[in-house]
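In the order they appear, the protein sequences are chains F and D. Its first residue numbered 1, the first sequence is counted upward by one per residue in my numbering. Its first residue numbered 1, the second sequence is counted upward by one per residue in my numbering.
By construction, these hints were calculated from the structure, which means they are not laboratory data. Please note: incorrect hints may appear among the correct ones.
To be verified - Sample of chain D residues at the chain F side, in silico, Cβ under 7 Å:
| # | residue |
| --- | --- |
| 1 | N11 |
| 2 | K15 |
| 3 | M37 |
| 4 | I46 |
| 5 | P49 |
| 6 | G73 |
| 7 | I77 |
| 8 | K81 |
| 9 | G85 |
| 10 | S96 |
| 11 | F97 |
Said to hold, decoys possible - As a list, the in silico EDC-like pairs of lysine to aspartate or glutamate whose alpha-carbon atoms are at most 16 Å apart:
| # | chain 1 | residue 1 | chain 2 | residue 2 |
| --- | --- | --- | --- | --- |
| 12 | F | K259 | D | E10 |
| 13 | D | K98 | F | D230 |
| 14 | F | K249 | D | D35 |
Cβ atoms here follow ideal geometry from the backbone N, Cα and C, with glycine treated the same way.
So you can see what is in the structure, the chains are spelled out below.
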Amino acid sequence: MKKEYADVVVVGAGPAGIAAAITLARANKEVVVIERGSFPGSKNVFGGAIYCQPTEEIFPEFWKTAPVERFNIEHKFAFLGEDYGTVLGYKNQEHSKKFNSFTVMRPKWDRWCAEQAENTGVHIVNETMVTDLLEEDGNIVGIKTELECFYARLVIIADGVNSILARKAGLRNDFRPKDIALGVKEVIKLPKETIEDRFNLEGNSGSIHTILGNPMNNMVGLGFIYTNLDSVVIGIGVSLEDLSNSGKKPYDLLNEMKKHPAIRPLIKGGELLEYSAHLIPEGGYKCIPKLYGNGVMVVGDAAMLVNNVHWEGTNLAMQSGKLAAQSAIIALDKNDFSENTLSLYQKKIDESFMMKDLKTYKNVMDFIKNNKKIVTDFYPAKASEFLNQFITIDGIPKRKKYFSFISNLLKERKLYIFKDIWAFTNIGRSILLK
Amino acid sequence: MIKSKKLIPENIDDKLYTVKYNPDQKTHLYPNQDDCMTCIKKTCTIVCPANVYYWDEDLNKILVGYENCLECGACRIACEKQSLGWNYPQSGYGVSFKQS
């Protein structure tokens, strides 16, 4: 076993690890990144879009050289019933000049990010599994791979959602199935022109769909569609607890969603290019672990930093990587890697938009879980029912329709309607005020 | 005209056919078979997106098709007995995504 030294060793070459590494290298610190995949991105999966503002903080004007697919100018929300649905969409051409988000493929994107880091002086070791942390006198002093021990002044754990190392470092408890979602997705090949026709797009602009309602089979979860240049990404993410209880296979849920009349025509005639799956930490604010210890910090999915209300995972990964690196630079300059110094990272995270946002939504998942039936099914179906009444011309006087809609609603929910109003008011207050 | 196979397959084996793997010689997933025998729900056989786990009634044990593992980790967390031994495959082995 040989000893090697670096200022910082980062475990995992995903967006969190690379953001940390490149920030350190830009400050002339010696960084080694250890990645278990054969190249950065080869083990990584996400829904489909990276957001520009946070990404540009690490890679300014990345879209000029990075392997991006489409810039998104539209986001649609589809509330689907059995064979009907209400789709709400927002489209803004402004986003084709001032970009908001891009679809990317992680194996290409992560590889590009890693190359930028290498060009800045980061040393990346691929195809190497970190199996444990090295500890001396209560301090983390390095990592252990399958072959050797590697010592560093500081370790940054960026090994993803399953984070074996954050658990070994005692920073994180294990997940409960209710705090995690399983995502499965398919990349479906379609000609560029077909995608543009079906999604009403011009050039390299793209469209995002968030799908709620019936296809989730009363589970907490949502579906998504993203457009790449010549493929369409379709997937679902559902609570692991609900999935276990449902007895449904995740890929069958996706199969069913693809058959919905609102979805089917979008992917018709396409060819499956790749199927994949990944876990999403969705516990939010209440599940964020301690982010630092003596000689160690944890970033990205490993730190469960995901804002599922706004599909932000990669953003928070990069941001947390950057903030950990900034704290590491101070620690390296002081030559002090104690918890006391590294608590600066926790402070930076707490003051950042990430923790503020996670705090804003701290009660959202509990609200959805406690009101699953009405949030995921009943009221979305009612909205569709109302619209159906509104657009259908059938000789029934309109006022009669309104009254029958209201009386049906009251008949179905009875006094529970007050409970619902109370629940919605409370979650609104929690988001805005508390 | 040759009738082509279904382009977007529903069958999980056909889906997995699109995934690139470098399978290891040995498994990285170790269900505790004693626990499996008394486990009623056998959640791993439900949640696994690659259908890696199969309960064999005759052999009275869980069969593990670890070669198809997508390395998501759902089985470990969903295991009601909290006893599924789970690792990533060794360096250089396992799944390698191209477009995800």
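Hint check results:
A cut of 7 Å between beta carbons decides the hint on D:N11: the least distance to chain F is about 9 Å, and the hint is violated. Below 7 Å, beta-carbon pairs count as interface contacts, and D:K15 has one with chain F at about 4 Å; its hint therefore holds. Evaluation of the D:M37 hint against chain F yields a violated restraint, the C-beta minimum of about 19 Å exceeding 7 Å. Given the 7 Å rule on beta carbons, the hint for D:I46 holds: about 6 Å separates it from the nearest Cβ of chain F.
Given the 7 Å rule on beta carbons, the hint for D:P49 holds: about 4 Å separates it from the nearest Cβ of chain F. Hint status for D:G73 relative to chain F: holds, with the closest Cβ pair at about 4 Å, below 7 Å. Here the hint on D:I77 is kept, as its CB sits about 5 Å from the closest CB of chain F, short of 7 Å. For D:K81, the suggested interface contact is broken, since its CB lies about 13 Å from the closest CB of chain F, more than 7 Å.
Among the interface hints, the one on D:G85 is violated; its C-beta lies about 12 Å from the nearest C-beta in chain F, farther than the 7 Å criterion. With a least beta-carbon distance of about 5 Å to chain F, the hint placing D:S96 at the interface is held under the 7 Å criterion. The restraint placing D:F97 at the interface with chain F holds, with a minimum CB-CB distance near 5 Å, inside the 7 Å limit. In summary, the hint linking F:K259 to D:E10 is supported, as the alpha carbons are separated by about 11 Å, within the 16 Å threshold.
Among the hinted pairs, D:K98 with F:D230 is consistent with the structure: their alpha-carbon atoms are about 14 Å apart, no more than 16 Å. The suggested pairing of F:K249 with D:D35 is violated, with an alpha-carbon distance near 22 Å, which exceeds 16 Å.
Hints 1, 3, 8, 9 and 14, counting from the list given before, are not met by this structure.
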